[in-house]
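Enquirer: Chains A and B supply the protein sequences, listed in that same order.
Quick note on this note's numbering: the first sequence kicks off at 1 and runs consecutively.
Quick note on this note's numbering: the second sequence kicks off at 620 and runs consecutively.
Don't take every hint at face value.
Stated by the list, open to error - Residues from chain B that keep clear of chain A, each with C-beta distances beyond 10 Å, as calculated:
| no. | residue |
| --- | --- |
| 1 | F661 |
| 2 | E763 |
| 3 | Y770 |
| 4 | G811 |
| 5 | A1073 |
Stated by the list, open to error - A few chain B residues that don't get close to chain A, going by computed Cβ distances all over 12 Å:
| no. | residue |
| --- | --- |
| 6 | V689 |
| 7 | K732 |
| 8 | V821 |
| 9 | L1119 |
What the hints assert, rightly or not - Looking from chain A toward chain B, a few residues come up when the C-beta cut is under 7 Å (computed):
| no. | residue |
| --- | --- |
| 10 | P64 |
| 11 | G139 |
| 12 | K162 |
| 13 | C180 |
| 14 | Y184 |
| 15 | I585 |
| 16 | S590 |
| 17 | L608 |
| 18 | S615 |
No lab work stands behind these hints: they were computed from the structure.
As the structure is a prediction and not an experimental result, all values here were calculated from the model.
All C-beta atoms, glycine included, are put in the ideal place defined by N, C-alpha and C.
This is what each chain is made of:
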Amino acid sequence: MDIYLLVKTVILLPAIGGIICLFIPNRKRRLIEIITLTLIIINLIAAVNIFLTGNQRVVFERFPVAVMDMQLDFIVDALCAFVLIGISFFGVVIIVYSIGWLENIPRLKEYYTYILFTIGMSSGAVLANNFIVMLFFFGIIALLLYLLVGINNGDAASAASKKTLIIVGSTDVLMIIGVCIVYYLSKNMTISEVSIPVNGILTGFAFIFMISAAFAKAGAMPFHTWIPSIAETAPVSVLAFLPASLDKLLGIYLLARLVLNVFVIGTKMGFLLMFIGAFTIVSAVMMALVQRNLKKLLSFCAISQVGYMVLGIGTGTPIGIVGGLFHMINHAIYKSCLFLCGGAVEKETGTSELEKLGGLVHFMPVVCITCTIAALSVSGVPPFNGFASKWLVYQAVITKATATTGIKGALLWLFLVAAMFGSALTLASFVKVLHSLFFSKKPSGLNDIKSPNWFIKIPLIILALLCVFFGIFMWFPLKVFIAPVLGGDFIYFDFGLWRPVRATVLILISLGAGFLIYLFRYVRTLEVKDVFVGGETLDEESIRIPGTHFYGPIKSLSFLKGLYDRAENGYFDIYNIGKNIASNISGALSIIHTGILSTYLLWILAGLVVLLLISKLAD
Amino acid sequence: MGSSSITQYLLPVLVVLPLGGALLIQLLKKVSKLISDIIANFILVVLVVLVFSLLNNPVLVYKVGGWMPVKGIPVGIYLVLDGLSLLLLIIINMIGLISLIFSISYMNKFTNKPLYYTLFLLMITGMNGVVLSGDLFNIYVFLEVAAIASYSLVAFGTEADELEASFKYQVMGTVASAFILLGIIIIYSITGTLNLADIGRVLKDKATETPLILTGILFLVGFGLKGAMMPFHAWLPDAHPSAPAPISAMLSGVLIKAIGIYVLVRIMFNVIGVTPIFSNMMLYISAISMTAGVFLAFAQWDFKRLLAYHSISQMGYVMLGIWLMTPLGILGGLFHMLNHSVFKSLLFLNSGAVVYGTGSRQLKRLGGLNQKMPVTGGTSLIASMSIAGLPPFNGFWSKLIIIMACIQSHHFFLAALAVLVSIMTLVSFLKVQRYAFFGELKQASKDIKEVPFAMCFSMILLAFLCTTMGVLLFPGAKELFIDPAVNVLLNGKGYISLVLSR
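Work out the full structure: start from the sequences and follow the hints.
Expert: Put into structure tokens, the structure is as follows:
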């Protein structure tokens, strides 16, 4: 097919569909959903076609070139083609899920419109080969993010969406200045033709400004704070779509584009990236560990996982970049699966507070199994996909660390430890989640729970299967999607000792052995006793152990207590810090505006005198 | 007659028509209630059509009364139309028309509607006169016409705070006029002429001489006050919110540009000439206005007052672009001026719609208005995103150009400041959105309705402009609307020979 048509399709078709949806009344919900789903499937097909077409420049030459060399210029290469498929794929998943999951909210048609627009604009941002075109699309995506997050009415939702756009929008503005510096230095607005070594103050600033936009979208520290804030107010489908999958794809795509293509980063900047990555992994997972709300826990965990991607890309080695990108796609899969599981639980039980949940394994087995698979993936348990990509990142850090000597080398080993430690803590927090949701005793308040409908279950199953598939057959996504990004051959990479298929067989054998032992125990008759204390039998509720109590003691450790308290009060939140500074400045300025006319007249005279003095003295 | 074209005779019409309309309304106001609505709107429609018909013309000069120059020295009054005046005329008359359409419904809650229209048309007369005059003293006269009309319009509600605001505005405005007049006197005593082009011819390259430096500073203070530059801005946060909403839109969207920024830029660029010290001074004044204005706006909880402080900040942006004096900077500054007139007047109309619907403009007392007033909510979101500089809206393009122009001319610090201001603007408009339009619907506003059609219509029109004006940067539209204005400023003193040769 004609590549020009395909590019137009992936960008414009969803947007046109979105506009059509706006004109359909909310009560014709099924019609809206059919249109949305059809368009998004066409979009996926087009994306796959673009992927199969291979590398090309797509310049719309009849479109005039405006000021500052702005031109409708797109590029198809391995990096954006595979991100493009990811965008459309998660679009399909989320829309199928929304059909079954979403209540009849007042702004239903707007919801579908925004989702469609987001997909179209994201495709544009990913394909863009001109900085201004890219800024243009990213800005619209930020606006749509704001609208989607605030789709529910209410003060909390609007406060959270405001915070989101302030953080994401501000970093987009920072990116503008980065782009301006790049244009100033290279006299070129075409992304694929720019390559700037980061070696001075100016280029350093340009790089930092531009990666801050990538960080804000992906949710890396210190621009991560919008994700936990929206966790409790935005619909789960939005959470699964935007912070968990799409914004990760976009953010890491942007980071990869900047690191691989636009800038040539030296060891210093690489080190900075790795430091941010390692720091993000550990600190976010520490926060995840103590959360009591499922969605909030998942959102902190999503931040933590970004750390692996940044760490991997920061190494600058091929295997690290491959690992980072692979982790990006894996994370999008398992994290959206987890959010969607959380959404299913919330829909059927009416809550996402871990304390109020339990024993759901009997009511929603499919959700339980998919959630367990995704949780094991995110925790980096072999043979699932999370392990595969984390393994690559570890390999990259090890390679880098062995090649570096001195204090830097030592710090690199520290980063490795941090990454592994973070993985362990992730497992710990998901043990808590799984226990609280599925395996603990059912709290007495929870009755009449149904299994969710198939529109909810099918996306979960697909995502869980992908977790398994990408883990065991990791060569497939690596070879097809990710290795071409570096233009290298897949065989070239050294995976260390890890042989996924062989390992999986071994794991399955051991699981089988375990099952046999279980059966063996089961056939023996067991005696079941009620729990009693001092002869008194206790009721069901008081012997229930909710998972939220698991890691309580961590919070009270003396050296962490202060940090946790401050973190929960938003002490480290870049949003609050900025707000305080701005309030102080504006308070000081307000004080001098007394409203007294004579004072103001004095300012005029003073201004006149000062200006005269300046112009005379400067003469 | 110098030019063979007939179009030059349209120039006085642009001034006489609104002036005549203002009088006519007073004469006919007893005939019917509708008559003033009809006359005022009709006149503005005609003016807009006239202005757009003047597009794509060379420099036009109309000599009032047919007084021909004697030995190449002008003796009569000149009306001059070039790219820059045309850009301003478009802003004045287009925003004027849209505000008038809004007024049809909005001003029903005030008593003396014909008087309002009369003052409105006088303000238009004054502003059209200022941008068309090729003569320093006429600029002053028209400027006073516009300013005095605006003093009365600020006090139009005659509540205590409105009268106080108008009083402050009058006092400070008069001080500014005094400085301007003093500047004009000095110029006249040096050159013996008041015609802009002739002054330029006599002065040649004397911009660095002490009396002219003094004049420059006097004009800076005078027009800087009219254009709300810091530290001469203090009247604006009182005056702009106190006026009825369509007038606030005119004041913030148009007046401060037409009688403040335009005149200063015209005189300094085209007539006296800019010294490096002066342009640097202007750059830093712009930077201060831009930054302090946005931080002051950050703390406001009164919807209109917040908007007023943003006007100060955005004017700083405009001036920053223009006074970089590079082609890109001037392009960005002028384009931002055009954009600002659209989104800021839309925001003021939104605030008017909110007041009309709920009776309050305190953000803390509002909330959830999107549920009841979708048009107001939607258009205000578009305007907020425009002023905050998010794509695809018009503010994005002009801010992008200004930041780029700062970087290109090595003003990295100013670029960083512009970015900071952009972020703070985003923050404070998200605050407006969060408290007024999103969030929980307040009990007090359970029964409110969307505003009447005329008001919705003008808001939608402006929102449409906000969304689409980015196309003006593309070849085709750019040569028609923006490039002529940019060229006038880049041409500098070339203006003199262009006018004198006609």
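Enquirer: Would you mind marking each hint as holding or not holding in the structure?
Expert: Quick rundown of the hints versus the structure:
1. F661: Check passes; 34 Å lies beyond 10 Å.
2. E763: At about 18 Å from chain A, E763(B) clears the 10 Å cut-off, so the statement holds.
3. Y770: holds, 14 Å
4. G811: Given that every Cβ of chain A is farther than 10 Å from that of G811(B), nearest at about 25 Å, it holds.
5. A1073: About 24 Å separates A1073(B) from the closest Cβ of chain A, which puts it past 10 Å; holds.
6. V689: Non-interface label on V689(B) holds, nearest chain A Cβ at 36 Å vs cutoff 12 Å.
7. K732: The claim stands: K732(B) keeps its Cβ more than 12 Å from every Cβ of chain A (closest is about 31 Å).
8. V821: Fine: 22 Å to the nearest Cβ keeps V821(B) off the interface.
9. L1119: holds, 29 Å
10. P64: This interface hint holds because 4 Å falls under the 7 Å limit.
11. G139: OK, holds: G139(A) within 7 Å of chain B, min 4 Å.
12. K162: holds, 4 Å
13. C180: Holds. Min distance 4 Å.
14. Y184: For Y184(A), the interface hint holds, since the closest Cβ of chain B sits about 5 Å away, which is under 7 Å.
15. I585: holds, 5 Å
16. S590: holds, 5 Å
17. L608: Holds: closest Cβ of chain B sits about 5 Å from L608(A), inside 7 Å.
18. S615: holds, 5 Å
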